[in-house]
Amino acid sequence: MGIASRIFGLALAAGGFFILWFGMGSPADPLSYIYSFLGMIVMAMGFAFLTAGSKKDEKKPPPPTVTEIRCNSCDFKEIRDFQKGDYVLKPVETTCPKCQSTMTIEGVYMVREEPDEKDRI
Amino acid sequence: MQLGETSELGVLINIGFFAFIILFSLYGAKFQIWQYLKQIEAGLHEFKKMFIESRQIAIDTFKEFGRSEEEVAKDLDRWMDYFTIMPVDLDPAGILKRLDHLLDERRDRFQEFVAEVAPESNQGMNQNLENTLEVTQVLGLIYRVVRHFYLLGKKTGSQIMIMQVHMQLPDLLRLAKAYFDALGAFADGKPIGDGIGPLVVTKFAREYGATPESYNHEISREVGYYKVEAEGRTVYAMRATGPGGTVGKPGMAVKKLVDKYGDKVTRIITIDAALKLEGEELGRVSEGTGAAIGDLGPEKHAMEQSATERGIGIEAIVIKEDEAAAVGVMDKRILDSVPEVIERIKASILKRTKPGDSVILAGIGNTIGIGL
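Just so you know, the protein sequences line up as chains A and B, in that order. The first sequence lines up with residues 1 to 121 when you count with the numbering used here. The second sequence lines up with residues 122 to 493 when you count with the numbering used here.
These are computed hints drawn from the structure, not numbers from a lab. All the pointers check out, no bait thrown in.
Computed far set for chain B versus chain A, every beta-carbon distance over 12 angstroms: (1) G345; (2) E436; (3) S479.
Simulated DEER-style distance windows between Cβ atoms: (4) B:P460 - A:R80: 17 to 25 angstroms; (5) B:P460 - A:S5: 51 to 59 angstroms; (6) B:D196 - A:R80: 30 to 38 angstroms; (7) B:F138 - A:A14: 25 to 33 angstroms; (8) B:D292 - A:T51: 25 to 33 angstroms; (9) B:M284 - A:A14: 36 to 44 angstroms.
The structure displayed is predicted, hence computed values, not measured ones. Here a beta-carbon is modelled for each residue, glycine too, at the ideal position from N, C-alpha and C.
Based on the sequences and whatever the hints tell you, model everything.
Pasting the structure below:
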């Protein structure tokens with residue numbers, strides 16, 4: 001549903017509102033009920049056009065899983081994408097580029113989104 | 122013009138108005154049930170989609186280990202219906218022993234099946250495959266149960282049945298989505314949130330000089346321990362053996378350690394992930410009294426029994442997580458809680474035990490992706 005249908009919906013809703021208003025304006029008129037019902041129906045159709053096809057929350061892809069490798073001697077830390085076979089506390093083959101010591105996988109994790117601010121009560 | 126007027130149009134409007142009232146008072150519930158059924162149907166499509174996709178992921182994972190896709194698919198479909206009958210509880214005496222026996226038997230059958238379908242896999246991978254299989258089975262079970270009540274409700278027109286399924290649907294969808302999203306973690310052997318207990322125990326033991334080589338294997342099924350000297354106390358840091366995905370039998374391990382090291386053990390500290398309440402922070406650390414373990418009963422009973430018989434203090438330190446975080450890839454906030462948990466363990470040991478005492482530190486949880 002594009003912009004055109006929304007404009008059409010808006011016009012329809014506005015037209016419906018006008019008919020409803022017209023119907024309510026003259027209670028002595030025998031057709032006032034008919035105008036009121038017609039106005040409501042046209043308005044409902046207009047709102048249906050306005051809201052139809054609204055995008056659903058698209059499912060976000062999960063955040064990537066990362067592997068955190070730390071040097072066993074100094075403070076060197078490397079974070080890279082998870083590779084199959086990685087596990088926490090696994091000694092890695094590469095040595096620390098800073099001090100040439102052995103390194104260990106200290107964490108395999110993903111960083112998920114924080115909860116919405118409105119949920120923090 | 123007003124309602125109740127006797128003009129021709131007024132009469133028509135009056136009839137329309139009362140027809141509307143009568144229609145909705147007689148058939149309102151039917152409309153609502155129809156709406157509920159449509160919503161359950163939409164949920165059911167979602168469950169089916171998750172089950173089919175998870176089945177395919179399981180097949181793709183299994184077929185890497187020596188069998189063709191067709192063979193794996195056939196065997197997996199046969200296994201999807203595997204069930205365990207809970208022991209009779211009319212005579213509750215000895216029920217935990219019987220339940221323990223049944224759970225052992227079930228585990229044996231799972232291991233046998235995985236070894237059959239993935240003949241070229243190793244032991245660690247077998248455990249991950251078992252977990253993958255279990256998740257697929259859970260998704261299949263949820264789908265079949267919801268479908269059962271949906272069809273039965275439709276067939277019998279039972280409003281209460283339809284309403285019950287409808288009311289539970291959001292919760293079931295949340296649970297199924299959590300397991301579905303976690304499937305990749307099990308298939309790839311990534312650590313999950315539930316593994317925080319074993320991780321804390323290993324990191325604690327390593328601080329006091331433990332190594333993978335100093336780990337004593339198989340004190341009970343798939344559970345071992347490090348013996349370390351910490352703050353003048355002997356600590357038996359116990360966890361299931363990783364990095365394959367298993368929870369082992371930690372309750373039986375605690376019992377065996379207590380039996381083995383007897384009166385010297387003065388405290389049991391259990392570390393586990395616990396379900397957080399909505400609004401609570403993920404990775405929040407809490408402590409309390411009792412055995413933190415979420416099994417069906419035998420393991421918790423073994424721990425409580427051992428502690429009670431010898432008058433050993435038993436306490437729990439838990440890390441708060443929701444279902445999705447507990448079965449999904451470990452979240453950074455959960456990993457970041459490790460130093461705080463270790464500090465609390467140290468504080469507990471210093472405050473509530475004396476130098477020369479022995480302490481059992483039990484890390485409870487699934488060890489997938491957590492090395493020794």
